[in-house]
Every structure is written in C-alpha cells, then in structure tokens.
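Undergrad: Use the sequences and the hints to build the structure in full.
Here the working numbering is used: the first residue of the sequence shown is 1, the next is one more, and so on.
Be careful, since some hints might not be right.
[What the hints assert, rightly or not] Here are the simulated PhoX-like cross-link-like pairs (lysine-lysine), alpha carbons at most 25 Å apart as the crow flies:
1) LYS2 x LYS44
2) LYS31 x LYS44
3) LYS2 x LYS31
Since the hints were derived computationally from the structure, they do not count as laboratory data.
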Amino acid sequence: EKAYGFIEQEDGNDIFVHVTGLAEGVATIDKDMVVEYEVEQGRKGPQATNVHPVAPSGAS
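TA: Structural data, given as structure tokens:
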C-alpha cells in the first residue's frame, strides 16, 4: 500500500498525509474513516500530522 494519501477536509479541500503523520499506535487509516489531525507546514505545503480516527457517536 501507499505510504501517503489525502484527507478531505470539512471545507472540501484535500490535505496531504504521510504514514509518518499518523498518531502513535495508528498503523493505517481507511477510506471514509473520520479522523482528527493537526496541520503543519511541510516542504510542499500544509500536511496533516497526529492523525487519529474519531470514535463514532455512541461507541465505547
């Protein structure tokens, strides 16, 4: 699998994410997964860091 991808933000724009930007303990993220992340300035523009999934409502 690829070591990078893009996250669709709430405003409809995409932000780059690399596997090194995943939060500790997160191995992968799946398409259509809701995630939280921080934004850092990368070499080629903004990129997502500390990416981790958000638990669905009502999940424990």
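Undergrad: Look at each hint and say if it fits the structure.
TA: Results for each hint:
no.: 1; hint: LYS2 x LYS44; in the structure: 18 Å, holds
no.: 2; hint: LYS31 x LYS44; in the structure: 23 Å, holds
no.: 3; hint: LYS2 x LYS31; in the structure: 13 Å, holds
Going down the numbered hints, you'll see the structure goes against none, and every one checks out.
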